[in-house]
Amino acid sequence: MSAPAEIGPADTGLIARDLAVTLGRRPILRGVSLAFRPGEVTAIVGPNGAGKSTLLSALVGLRRPDRGAVRLDGDDLAALAPRERARRIGFLPQSPEVAWAVDVETLVGLGRIPHVGAAGLTAADHTAVARALDATAMTAFARRDVTTLSGGERARALIARVLAGEPRWLVADEPLAGLDPGHQLDAAELFRAFAAADPAHGVVLTLHDLAMAARCADRVVVLKDGQVIADGAPAEALTPEVLAQAYGVRARFHPGPDGPAFELMGRL
Amino acid sequence: MTRRGLAVIAALAILVVVLAAGSLMAGKVWAPFSAWTAGAADPRWAIVFQLRIPRTLLGVLVGGALGLSGAALQGYTRNPLADPGVLGVSAMAAFGAVMTLYLGLGASAPWVMAAAGMAGALAGVAALVALAGTSGGMVTFVLAGVILNTVASAGVALALNLAPNAWAAQEIIDWLMGSLADRSFLDVELCAAPILAGGAVLLSLGRGFDALTLGETGARALGVSLGRTRILLAVGVGLACGAAVAVTGVVSFVGLVVPHLLRPFVGQRPGALLIPSALGGAALVLAADILVRLTPSAAEVKLGVAMAALGGPFFLVMLIAIRRRLA
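From first to last, the protein sequence lines are chains A and B. Okay, so the first sequence: first residue is 1 according to the working numbering, each after it adds one. Okay, so the second sequence: first residue is 1001 according to the working numbering, each after it adds one.
Looking at chain A on its own, in the form it has when it is part of the complex (with noise of 0.2 Å):
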């Protein structure tokens, strides 16, 4: 991968240059540099506590650095009004609340707001959520009540309206947390879809499972103290080493048939 020196502000990705957290005194993110680009699904691991959740926020333009800056697309992200960076970056927070109890179509139409104007949603609006749930298998439960949705149907609602605001760049913190692995593997697979759809779409996730990781993603970056200090295709990046000096225990993959395997032998 280029080093971010080269990134010229033309270039398309979603671009993080030297960014630097610090919450009271302490250091989230230390000059994290990286550049997501378009067409991959890429993964964010790392530890509790590693500044995961931090990088994203800066990321989607929720969190404005004390150091460094985000491009996106060839703009800064800073500098773009709210509403046209919601158009662009879908965003799925770490366990989505729901306050009330909408129904599905209801719940993905909020997925409209940064496009409606004034008169309410149009039919392209309609049109959007329909296709979003089309893609995320929920159209039958469209006139459901988000809160009597079992867990995986609820993942793929949520993930429905961020679909439905037809965003460039899906971020998404933690979107496979609480599934069991089934759904864990159909929601990866709605996010890989995402990504092949467009040419200009791109995909940044955290992830806590490593073998998710390495099984759906096209390349993965471990994120230790504030710092990157692994990033590339799974297999380069999950080696042995960088396992034991992210989580401090003693663990691999093995190529099979299926994929990667994980194995995970014990504390360091």
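It should be emphasised that the hints constitute simulated quantities derived from the structure, not laboratory data. Heads up, some of the hints might be wrong.
Stated by the list, open to error - Simulated DEER-style distance windows between Cβ atoms: (1) B:PRO1032 to A:ALA81: 56 to 62 Å; (2) B:ARG1004 to A:SER95: 44 to 50 Å; (3) B:THR1140 to A:ILE229: 37 to 43 Å.
Stated by the list, open to error - So, partial list: chain B residues that the calculated Cβ filter (under 8 Å) puts toward chain A: (4) THR1213; (5) THR1217; (6) GLY1218.
No residue lacks a Cβ here, since even glycine has one placed at the ideal position from N, Cα and C.
Mind docking chain B on chain A? Use the hints.
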């Protein structure tokens, strides 16, 4: 606006019109439609045109302001128990207005009390948002409301305690109980502009409240500015609720009950609940005011007292239902 939303609004609008007509007819003296057209020769004509028309208009304005403020506060806090009364906004407005009574300024110019009420309400919402704004948790909001209610009622009690004479104290008590009785067109003129302006501000926040369904992070990610939403919420509720309280005194629970009852009819979407809550609030206050007038007692039961008597048990039932849902 969905078809369902429009149907709810149309039904409520018809209800308001019917109740407004009822409010013009009902009372100690029955004034059917035929009496309205009889001209000044019929004594009932004066009752309708000088007493009941301002009373009815006030019912619509005040009920609308309280219902809309409740829906807006619930949308912003994502808390079905939020209401100008519960969160101390009405109490702060009352405190502002009572201070003018205590200081004897109420009579100096009619707008003084309305302005003081609005200032109190504005200070109340601003304090609420400042105390609980960034964390936004349900508990912090309710606790901030408890603090405001305590401070405001202490202020009102102090004004009563130190009232210069029994007449001033009586005036404060009468006013605190909240009523639409014996109001004039002057009161309508005083509160109409701020209520309509505040209402327009609150209606403009519908999309922000919708986005807040996804929490504060979710709303910000959708491009909604929470700072702007907070300021406009404070201005809107301050104007609408402050003006309403300033002319009628404290009428509680309208803002709690109405959005709660109407929420299922608009598919729970907080933005779609705003206009129906304004209409529903108007209908509820009109209906309650008609009942209060028809109560066969020597002195008229005050509207605020009647609403509190109805609202307390309602609040209890809601709390039990919420507890059951959380269990």
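Going down the list of hints, with the structure as the test:
1. B:PRO1032 to A:ALA81: 56 to 62 Å: This hint holds: roughly 58 Å between Cβ atoms.
2. B:ARG1004 to A:SER95: 44 to 50 Å: This hint is violated: roughly 30 Å between Cβ atoms.
3. B:THR1140 to A:ILE229: 37 to 43 Å: Distance hint for THR1140 of chain B, ILE229 of chain A holds at roughly 38 Å.
4. THR1213: For THR1213 of chain B, the interface hint holds, since the closest Cβ of chain A sits about 5 Å away, which is under 8 Å.
5. THR1217: With Cβ-Cβ at 4 Å, under 8 Å, it holds.
6. GLY1218: holds, 6 Å
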